[in-house]
Amino acid sequence: MDYRRFGAKLLVRLDRGEDIVESVKRLCREADIRLAVVSGIGALDYVSVGLFEQGTKQYHTKEFSGSMEITGLAGNATRMKGEVYLHLHIVLTDASYAAFGGHLNKGRVGATAELVLEILDGEAEREYDEVTGLNLIGFAGDE
Amino acid sequence: MDYRRFGAKLLVRLDRGEDIVESVKRLCREADIRLAVVSGIGALDYVSVGLFEQGTKQYHTKEFSGSMEITGLAGNATRMKGEVYLHLHIVLTDASYAAFGGHLNKGRVGATAELVLEILDGEAEREYDEVTGLNLIGFAGDE
Amino acid sequence: MDYRRFGAKLLVRLDRGEDIVESVKRLCREADIRLAVVSGIGALDYVSVGLFEQGTKQYHTKEFSGSMEITGLAGNATRMKGEVYLHLHIVLTDASYAAFGGHLNKGRVGATAELVLEILDGEAEREYDEVTGLNLIGFAGDE
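Listed in order, the protein sequences are those of chains D, X and P.
The first sequence begins at 1 in our numbering and counts up by one.
The second sequence begins at 1 in our numbering and counts up by one.
The third sequence begins at 1 in our numbering and counts up by one.
It should be emphasised that the hints constitute simulated quantities derived from the structure, not laboratory data.
Careful: at least some of the hints might be erroneous.
Remember, identical chains collapse to one label, so a pair may be satisfied in a single copy or spanning two.
Unchecked claim - Pairs of lysine-lysine residues, derived as DSBU-like cross-links and limited to a Cα-Cα distance of at most 35 Å, are as follows:
1) K57 - K25
2) K81 - K57
3) K81 - K25
4) K25 - K106
5) K81 - K62
6) K106 - K57
7) K62 - K106
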């Protein structure tokens with residue numbers, strides 16, 4: 001991983017073998033990023049994606065391997081009880097050019113990944129919500 | 001819906017049952033946003049997406065239900081004759097992890113949606129274009 | 001193509017028949033953009049997309065025609081030896097609403113395309129990397 005900061009934006013290069021989720025978490029800790037919008041493209045050779053089953057509140061996951069283009073990576077980095085909390089979704093394409101994806105659990109870089117973290121000057125908290133079974137974004141000071 | 005403004009960016013949380021299109025329109029009216037770039041992720045339980053048939057200039061639409069991850073939401077908010085005008089495209093994944101989508105007509109939040117509106121300091125107008133049959137972006141003062 | 005600059009952001013409208021890749025390259029040359037994040041939506045009537053086969057380091061490409069929505073366009077504009085270098089990935093949907101895509105080689109606008117170029121105030125270089133067979137992003141002054 002290498003990156004450079006340009007104002008409120010970090011341009012990040014991830015290298016072969018690095019996990020996207022772990023790398024971005026580490027970057028947020030090291031650079032003390034508390035709130036950021038994450039996006040990017042690249043190529044993976046392994047990914048674990050999830051679907052949240054809204055009725056049962058359970059995550060289903062599936063793993064894919066092979067040469068895959070990241071055609072869309074989107075989400076955000078917040079904090080939950082002080083710890084970095086990532087919420088990332090991903091769309092990939094494979095040798096058939098068909099697109100697939102979901103909630104990003106793990107994604108190993110196969111060639112390179114080029115991410116942008118746009119830092120927001122402030123904070124948002126995550127709190128567990130019983131109704132949805134998810135850790136939702138909240139804003140301090142709100143009821 | 002709850003949101004917080006960080007400089008030129010609004011981080012928005014939509015809640016179960018809310019329609020993305022209507023919510024973003026309302027937010028643009030309330031916060032007097034005239035031009036913004038929209039992006040986000042989340043999870044829907046209903047969506048209506050469209051394809052614009054360029055030859056016949058007709059929109060085809062299709063509805064999908066069930067647990068769906070928003071793996072990409074992208075577009076913009078402009079104004080047309082003073083009214084908020086949204087142009088949003090969406091990519092979703094379902095229990096098969098296959099991706100699908102199109103022009104976003106309606107999208108009901110199933111769990112949560114986390115959007116970012118990035119306000120541009122200026123305006124762009126929409127005007128009907130006979131050649132394409134679409135309301136295209138234009139810039140005031142241009143010929 | 002018409003565009004307007006709002007601070008560090010360019011909102012760009014491409015018109016029927018224009019190629020996305022060529023148009024963005026030309027814009028970067030004309031506006032002297034050295035580093036930018038690119039995103040957008042729109043509709044194409046022809047696209048050539050690629051997959052980078054990580055094992056053999058070869059690009060496979062496939063062409064698609066017909067009415068297609070751009071549901072996600074993402075990437076960046078850098079420079080390589082002074083020349084504009086685009087790295088763009090794309091997700092599209094067609095009349096079946098299924099999503100597909102990959103590395104964007106060429107994309108002819110069928111109706112309109114609405115892009116955003118976000119200029120980063122600085123530079124990043126591309127350099128050929130023998131290990132991956134790709135032109136990777138680097139940051140001047142790094143080892």
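Violating hint indices (sorted, rising): Violated hints: none at all, because every hint is consistent with the structure.
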